[in-house]
Amino acid sequence: MDGIFLQQLINGLTLGSVYGLIAIGYTMVYGIIGMINFAHGEVYMISAYLSAIALALLAFFGLESFPLLILGTLLFTVCVTGVYGWVIERIAYKPLRNSTRLAPLISAIGMSLILQNYVQISQGARQQGIPTLLDGSFRFAIGDGFVQLTYTKVFILVAAFAGMAALTYIIQRTRLGRMCRATQQDRKMASILGINTDRVISYVFVIGAAMAALAGVLITMNYGTFDFYAGFIIGIKAFTAAVLGGIGSLPGAMLGGIILGVAEAQFSGMVNTDYKDVFSFSLLVLILIFRPQGLLGRPQVAKV
Amino acid sequence: MLQKIYKKGFLALAVTSALGLAPLAHADVVIGVAGPHTGANASFGEQYWRGASQAAEDINAAGGLNGEKIKLVKADDACEPKQAVAVANRLVDQDKAIGVVGHFCSSSTIPASEVYDEAGIIAMTPGSTNPQVTERGLSGMFRMCGRDDQQGIVAGDYIIDVLKAQKVVILHDKDTYGQGLADATKAQLNKRGVKEVLYEGLTRGEKDFNALVTKIRGAGADVVYFGGLHPEAGPLVRQMREQGLTATFISGDGIVTDEMVTTAGGPQYVKGTLMTFGADPRKIPDGQAVIEKFRANGFEPEGYTLYAYASLQALAAGFNGAGENDPAKAAEWLKANPVATVMGKKEWDSKGDLKVSDYVMYEWDEQGKYHQK
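From first to last, the protein sequence lines are chains A and B. Just so we're aligned: the first sequence equals residues 1 to 304 in UniProt numbering. Just so we're aligned: the second sequence equals residues 1 to 373 in UniProt numbering.
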C-alpha cells in the first residue's frame, strides 16, 4: 500500500501547490487593505482563457518547441492577467478606499459576477480545452505497487515552488517588498514616510494576479479543460487555504494550500471522496477554534 | 498536427460566439425550448435549440399547429434546479407558452415540470432519463428518451456478459441524473451477483480527481462505471489514463457530445470509452431527409439534436390530433395514438414514458468519434 500512499501524497502536493498560488492573492490583499477580494477566483479563470489564447497565438506563428511555448505563454498570461488585476483594483476598490468596510466586499462580489458574464459572452459558454502539451510520465515501482508521475505534474511542482520562492525573495529582499511590508504594518505611517501607498496597493493586486496567472497556466496544462465558471470552486478552496494558513501571512497561504490539498487527497483515498470537502472544512473549523488567527497568522491587536 | 489544432483553437477563440437568438417570424403559439443554453453543459442546449428550430421551421411550412405558427422561446436553466423553476415560471406567465421541449438535466426537469403541471401545459423532455420525471403522476409530462432504470440494465448486463468484469467501480456526480443512473446500474449488477468494489461520488465543477483515481487503482478495478456528465467524465478518464489505469471506462447518455473529447484533452484519452445511448437516430431511415437539412447548414445532428426535433414533432402531432391548441387534450391524444417522428414511430404509455426503449452500447474511437457497437 506504500505506493498508493505516496501517489496520494503527490496528488495532494500538486493540487495543494496551485491552491497555495491562488491563496497568495487573497492573503496579500487582505494583509494590505483588510478586504477579501472575491473576484480573485475569476482572475484565475481569466488567466486560464488567456493561456489558451497565448498557446493558440504562439502555435499560429509556428512555435513548436515546448520550453519556448510555455515560456511565451507564461509571459503573456502573467502580464495580461497583471493588467486585469490592476484594472480591477482601480475600478472596483480604489474609489471605495475610505468608505465602510462592507462596500468593497459588495463591489468585489459584483466584480466577480461581471467578469464571469464578460467571459461567458465574449468566449462562449462551451467547455474550452487545449491539447496535451507534455506527454509521458515517470513510473517508479514501490513494493507491489507503483507511483506514476506525469511530466506535467513534475513541471507544476517545480514551477509552483519556483514562483513561491521568487515571491518570497521579492517581499523579503527588494525595495518593493519593503514598501509592501511597511504599508501592511501601518498604511498612514508609511505614507508619511514618503511611500506612495496607493501605488503599493496596486502593485499588490498585480502580484496577486500574476500568481493566479501562474496557477492558471499550470492548471490548464494539467487538466486541459476549463470554462467560465472554473474560478468559483477553486477560488473558494484557495480562500479556505488562506484562512487556514493565517490570512495576511504569505508563508501561511502556501502552507495552507499544501495542507488542504494533501488532506483532501489522503481523506478521499483512505475514507471517502463524497465527504472530502466536509473533512477539509471540519479541519478548518478545528484549527480556527484553537488558533483563530490561522496556522501562521499573527493575532489581531486591537488598535486604539 | 499540433499546430493545426492550435490554429483551429485560435479561430474558435477569435470568432467570439455571436450566436444570438435567431429572430423568428411573427407567430401565434409559443413553445419553450428549455435546457442548459449556457454553463458547462451548453453543448446539450445547443443540440436542443438546433433540433427544435429545424422542427419548428418544417412544421410551420407544413401548416403549423391547427393553422397557427409556432414561435420558439429559448429558456436557459444552466442545469440548475433553481434557475429551472424561474425560467419555467417565465415561460408560463410571460411568454404564455402552451408547450415545452425540455429540460435536459433531470434535476431541472423535475422541479420545472411541477410549474408546467400547475399551469396545465404539456412538456416533452428529449433527454431527461431519471425515472422520477414521469413517476409523479403529472398528466402533461412526456419524454422522448428511455429511463435510467432501463439504461442501467443495459450497462449492467454488458459489464457482466461482454466485459466479464470481476472488479467494478461505480462513481457518480451526486446529482439526480448521475446518481440515479449509477444506482440503476449498481442494482442490475448486484441482482446478477456482482458486488462493486467501490461506490463513490465526486463533486460537479471540480477538475481534479487524481485522489479518486489512485483509490480506484488501489481497488484493482477492471471496469469503472460513471453516472454523470462530460465536464467531469472528461478529466476523470484523462487522469485515469495518466496514472496508468487501463480499466474500461463506461458511462451513460450524459457524455454524448463532441465536447467529451475537449474536456478529456484529446481523442487519445477517450479512445475505448463505452457509453449507453438510444440506437443512433441518424441511422433510422425515416429521418434521412431531415438529417441532410442539418448537414447542409453545417451542423452534425449528434446526441440529442434529433430527439429535440422529434419532441417538437410529437407535441405538434398532439395539438393537431386534438384539433385545437389545448395542452390537456394534446396530452390525452398522445397517450392514445402513435406518432411518426424523425426517429421512427413512437408510442407513449399512461405515465408519459415511451413504450419501447432502445438503449445500445457505443464506443469512442481514436479519432474522437462514437459508433454504435
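Treat each hint with caution, since some may be false.
In silico contact screen, one side only, chain B against chain A (beta carbon under 10 Å); selected entries [claimed, not checked]:
#1 Asn41
#2 Glu46
#3 Gly201
#4 Asp208
#5 Leu245
#6 Thr248
#7 Gln268
#8 Gly272
#9 Gly344
Simulated from the structure, these hints should not be mistaken for lab results. For each residue, glycine too, the CB sits at the ideal point set by N, CA and C.
(request) Double-check B:Glu46 for me: the hint is only fine if its C-beta lies closer than 10 Å to a C-beta in chain A. (result) Status holds, d = 8 Å.
(request) Report holds or violated for the interface hint on B:Gly201, using the least CB-CB distance to chain A and a cut-off of 10 Å. (result) Holds. Min distance 4 Å.
(message) Checking hints one by one. Is B:Gln268 an interface residue toward chain A, by the C-beta closer than 10 Å rule?
(response) 8 Å, holds
(request) Identify whether the interface hint at B:Gly272 stands, where standing means a beta carbon of chain A within less than 10 Å of its own. (result) 17 Å, violated
(request) Could you check if B:Thr248 really has its C-beta closer than 10 Å to a C-beta on chain A? (result) 19 Å, violated
(request) Answer holds if the nearest beta-carbon of chain A is closer than 10 Å to that of B:Asp208; otherwise answer violated. (result) This hint holds: B:Asp208 lies near chain A, its Cβ roughly 5 Å from the closest one there, short of 10 Å.
(message) Next item in the hint list is B:Gly344. Is there a CB on chain A closer than 10 Å to its CB?
(response) Interface hint status for B:Gly344: violated (30 Å vs cutoff 10 Å).
(request) With chain A as the partner, please determine if B:Leu245 meets the hint condition of a C-beta pair closer than 10 Å. (result) Cβ of B:Leu245 sits 9 Å from chain A, so the hint holds.
(message) Checking hints one by one. Is B:Asn41 an interface residue toward chain A, by the C-beta closer than 10 Å rule?
(response) Where the cut-off is 10 Å and the nearest Cβ of chain A is about 9 Å from B:Asn41, the hint holds.
Checked against the numbered hints above, the structure violates hints 6, 8 and 9; every other hint is satisfied.
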